[in-house]
Amino acid sequence: MDKKHEKIVQALQEKFSATYEDFRDEVHVFIKAEQIVEALTLLHDKYEFELLSALTATDYYPQQTPRFHVVYQLSSLAKNITLQLRVPVNGDQPKVPTATRVYDTANWREREVFDMFGIQFEGHPDPRRILSPEGMEGHPLRKDFPLGYEEPQFTFNYDDIDLKKIYAKE
Amino acid sequence: MGVEQKLGDMGIVTTKLEELVNWSRTNAMWPMLFGLACCAIEMMAAQASHYDMSRFGMELMRASPRQSDLMIVAGRVSRKMAPVVRRLYDQMPEPKWAIAMGDCASCGGVFNNYAILQGVDEIIPVDVYVAGCPPRPEALIHGVVTLYEKVKGEKFKDLAVVK
Amino acid sequence: MAQIEEVNYEQYKHLVSERAFTGETMLLNMGPQHPSTHGVLRMLLELDGETVVNAIPDIGYLHTGIEKNMEAKTYLKAEVMTDRLDYMNTTGNNLAYCMAVEKLVGLDVPPRAQAIRVILTELQRIASHLVFLGAFGLDLAAMSVFLYCFREREMILDILELCSGQRMMTTYIRPGGVWRDVPEEFEPAVRNFIKIFPKRVDEYEALLTKNPILLDRLVGIGILDAQTALSHGVTGPTLRASGVDWDLRKARPYMGYEQYDFNVPVRNRDSRKGDTFDRYIVHIEEFRESLKIVEQALNKLPKGPVQSENRKFVPPPRAEIGVSMEALIHHFKLWTEGFPAPKASIYSAVESPRGELGVYLEGDGGPKPHRVHMRTPSFDNLSVINKITQGHLVADLVAILASIDIVLGDIDR
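Chains as they are written, first to last, in the working numbering: chain Z, 49 to 218; chain V, 13 to 175; chain U, 165 to 577.
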């Protein structure tokens with residue numbers, strides 16, 4: 049972790065009692081869900097992190113506390129550094145406050161995380177699904193959602209698979 | 013359509029009439045612009061100057077389904093898009109044909125998961141399948157010529173049933 | 165057999181203004197199948213006569229579930245799916261994924277492979293901008309530009325086919341280097357392209373840049389200022405046309421970009437506001453800069469191996485398998501089970517023709533990735549469309565959508 053990161057990580061540690069880890073010249077800082085909006089506001093206003101590059105989540109299925117990690121990847125153009133914030137979230141009724149007031153990118157990105165993982169963002173102006181069809185149940189990128197693949201057609205299931213392709217007669 | 017059905021069995025008049033009708037259908041078949049994903053770029057390349065599809069009768073691509081004869085489904089069809097494809101196919105007037113271009117439209121291609129239809133023949137009847145990921149423009153032209161062979165072999169009495 | 169669904173207008177209440185519900189403005193659907201939306205994009209337009217009051221995009225018609233599908237395959241086999249994300253920039257997608265895998269497991273790349281990767285990525289950037297220009301001209305009814313651009317694109321696709329056998333989805337760039345060495349006809353073909361291309365760019369400019377109809381249609385349309393752009397996460401030529409000098413090839417160089425001498429075209433550095441015409445000019449300038457990089461990389465092409473020698477991750481060449489026992493074991497293990505990755509996560513980004521293409525990769529100690537997320541640039545680039553189209557005509561909406569250069573495979577993944 050180089051000097052430019054040290055100051056920022058120290059400030060985050062003091063204010064939010066955050067832990068961090070570093071791996072191959074990247075710094076990941078763990079922040080709690082209630083403090084995330086304050087942390088993002090601090091980084092945006094004081095330390096000039098203008099660009100929210102990515103907002104995504106990961107599912108660690110069999111363990112329920114925490115089950116999800118919501119990942120925020122920030123970049124600063126002026127200082128040319130990147131920083132990653134991770135928010136651990138529990139499995140039942142996962143909720144995180146929204147970051148749309150700080151970065152406008154978060155509007156669509158949080159809709160995508162809700163669509164794929166089912167994590168609710170409190171205070172979001174437009175909480176609808178964005179990529180899946182309307183009326184779809186379930187959240188595809190969770191580990192307990194099946195991939196839904198079609199099995200290869202052998203002689204024992206030849207008719208089952210043909211039933212689905214009703215127009216392929218010619 | 014009605015007159016030909018009644019003329020179905022008149023010997024040499026019917027065969028000559030069939031030849032004329034099929035010849036005119038193949039020489040000016042206009043496809044509908046329906047490029048969904050990567051195969052659409054190869055379809056555009058087939059329409060451009062290097063591999064020219066205009067020499068086969070496809071002078072322009074009509075965006076409106078009401079004015080086109082052929083639907084080239086180029087690209088992967090997702091579950092959200094499937095009702096739209098069906099509705100567009102229904103809006104095309106008879107006679108109409110469909111080509112499934114590429115692996116994703118023929119059988120689901122590389123993507124074997126919850127979000128992609130495993131072949132567009134789950135929702136519309138397909139006449140010619142063109143394989144490739146994406147198929148070369150020459151392969152697409154070969155598919156179009158195969159469709160022309162099929163159309164030239166169509167007889168009036170087969171068309172008497174409404175599809 | 166198709167059912168006509170009743171459209172429920174209540175769901176749009178928070179997005180459109182109240183005038184829509186009194187009948188003062190009209191809600192129109194610019195549907196998924198449309199000649200001017202670049203792919204399957206549905207826009208819900210609220211129109212007051214011909215002026216746009218709100219333009220709300222509705223995406224997801226090409227959602228392919230690539231991220232979930234990649235979790236079910238090994239690291240090497242999942243690369244096949246990355247080609248199909250942003251299908252205009254296929255070698256760039258491969259490069260982004262391979263760089264992420266190499267960073268995660270700690271794999272080196274020999275210099276000859278780095279130079280070949282740079283040449284192919286820059287040629288792919290030129291090919292992508294050629295399609296941008298063709299579609300841009302087509303949307304503004306300049307059809308001859310479309311035919312000229314595809315003529316040049318055929319030359320680049322011939323070069324890609326020479327190296328890898330496939331015109332578009334090459335998967336030529338693999339973790340640890342490239343698949344195999346370039347054949348002898350590669351260098352004359354690229355030199356021929358470098359010789360004839362600058363005159364062609366001048367031809368396009370002569371057709372378009374000083375054309376009074378084009379200037380009327382593009383200048384002053386779709387103004388995007390730098391503050392809004394950064395807040396929405398816009399990157400790439402769209403951001404550089406608004407005055408922000410940010411290019412990942414210069415800011416965080418990768419694959420040896422620091423040794424090549426090139427400029428990054430930026431417009432409106434002082435006013436920090438860019439319109440459609442600026443975005444078009446930035447793309448034209450990028451043609452010339454990319455060609456400079458290709459020429460320098462080709463002149464400097466070092467000799468040596470094209471793949472890393474680390475046999476724990478890179479399969480050995482077939483000639484070795486009959487001779488050495490370890491080579492046979494490595495070949496067997498790598499192609500059946502795959503290589504393991506540490507239990508950690510990284511984020512690595514490259515500069516694609518549309519902006520910042522980032523890959524968030526998380527391993528779990530096994531041969532399959534635990535989570536792959538592709539941060540695609542067109543997703544954020546599209547989200548500003550509502551803000552910059554308000555008050556313009558519907559014909560201007562078409563021009564603005566063409567100038568932002570979106571690819572729907574990128575957005576819907």
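Because the hints were derived from the structure by calculation, they are not lab data. Among the hints, erroneous ones may be present.
Computed cross-link-like contacts, DSS-like style, restricted to lysine-lysine with a CA-CA straight-line distance of at most 25 Å [said to hold, decoys possible]:
| id | chain 1 | residue 1 | chain 2 | residue 2 |
| --- | --- | --- | --- | --- |
| 1 | U | 374 | Z | 191 |
| 2 | Z | 127 | U | 551 |
| 3 | U | 267 | U | 414 |
| 4 | Z | 52 | U | 437 |
| 5 | U | 476 | Z | 51 |
| 6 | U | 476 | Z | 191 |
| 7 | U | 267 | U | 551 |
| 8 | U | 476 | Z | 80 |
| 9 | Z | 51 | U | 414 |
| 10 | U | 267 | Z | 52 |
| 11 | U | 437 | U | 551 |
| 12 | U | 532 | U | 476 |
| 13 | Z | 191 | U | 241 |
| 14 | Z | 127 | Z | 191 |
| 15 | U | 414 | Z | 127 |
| 16 | Z | 191 | U | 414 |
| 17 | Z | 127 | U | 464 |
Each pair of labels, with its calculated beta carbon distance range [stated by the list, open to error]:
| id | chain 1 | residue 1 | chain 2 | residue 2 | range |
| --- | --- | --- | --- | --- | --- |
| 18 | V | 75 | U | 311 | 25 to 31 Å |
| 19 | Z | 138 | U | 362 | 55 to 61 Å |
| 20 | U | 557 | V | 72 | 21 to 27 Å |
| 21 | Z | 176 | U | 213 | 49 to 55 Å |
| 22 | V | 42 | U | 436 | 28 to 34 Å |
Facing chain Z, according to a computed beta carbon distance under 7 Å, are these residues of chain V, among others [as the list claims (entries may be wrong)]:
| id | residue |
| --- | --- |
| 23 | 98 |
| 24 | 99 |
| 25 | 103 |
| 26 | 126 |
All of these numbers come straight from a predicted model, not from anything done at the bench. We put the beta carbon where it would ideally sit given N, CA and C, even for glycine.
These are the hints, each one checked on the structure:
1. 374(U) / 191(Z): violated, 55 Å
2. 127(Z) / 551(U): violated, 28 Å
3. 267(U) / 414(U): holds, 19 Å
4. 52(Z) / 437(U): With a Cα-Cα distance of about 30 Å, the restraint between residue 52(Z) and residue 437(U) is violated, given a limit of 25 Å.
5. 476(U) / 51(Z): violated, 34 Å
6. 476(U) / 191(Z): violated, 29 Å
7. 267(U) / 551(U): The given pair, whose Cα atoms are some 38 Å apart, is violated under the 25 Å limit.
8. 476(U) / 80(Z): violated, 39 Å
9. 51(Z) / 414(U): Given that 25 Å is the threshold and the Cα spacing comes to 21 Å, the pair holds.
10. 267(U) / 52(Z): Status holds; Cα separation ~21 Å.
11. 437(U) / 551(U): The hint holds at about 14 Å.
12. 532(U) / 476(U): Answer holds: residue 532(U) to residue 476(U) is near 15 Å, not above 25 Å.
13. 191(Z) / 241(U): holds, 20 Å
14. 127(Z) / 191(Z): violated, 38 Å
15. 414(U) / 127(Z): holds, 14 Å
16. 191(Z) / 414(U): Judged against 25 Å, a Cα distance of about 39 Å means the pair is violated.
17. 127(Z) / 464(U): violated, 32 Å
18. 75(V) / 311(U): 25 to 31 Å: At 19 Å between Cβs, range violated.
19. 138(Z) / 362(U): 55 to 61 Å: Holds: the Cβ-Cβ distance is about 59 Å, inside 55 to 61 Å.
20. 557(U) / 72(V): 21 to 27 Å: The hinted range 21 to 27 Å holds for residue 557(U) and residue 72(V), with Cβ atoms some 26 Å apart.
21. 176(Z) / 213(U): 49 to 55 Å: violated, 29 Å
22. 42(V) / 436(U): 28 to 34 Å: violated, 47 Å
23. 98: violated, 10 Å
24. 99: violated, 15 Å
25. 103: Violated. Min distance 17 Å.
26. 126: Holds, because the Cβ-Cβ distance from residue 126(V) to chain Z comes to roughly 3 Å (cut-off 7 Å).
Checked against the numbered hints given earlier, the structure breaks hints 1, 2, 4, 5, 6, 7, 8, 14, 16, 17, 18, 21, 22, 23, 24, 25 and satisfies all the rest.
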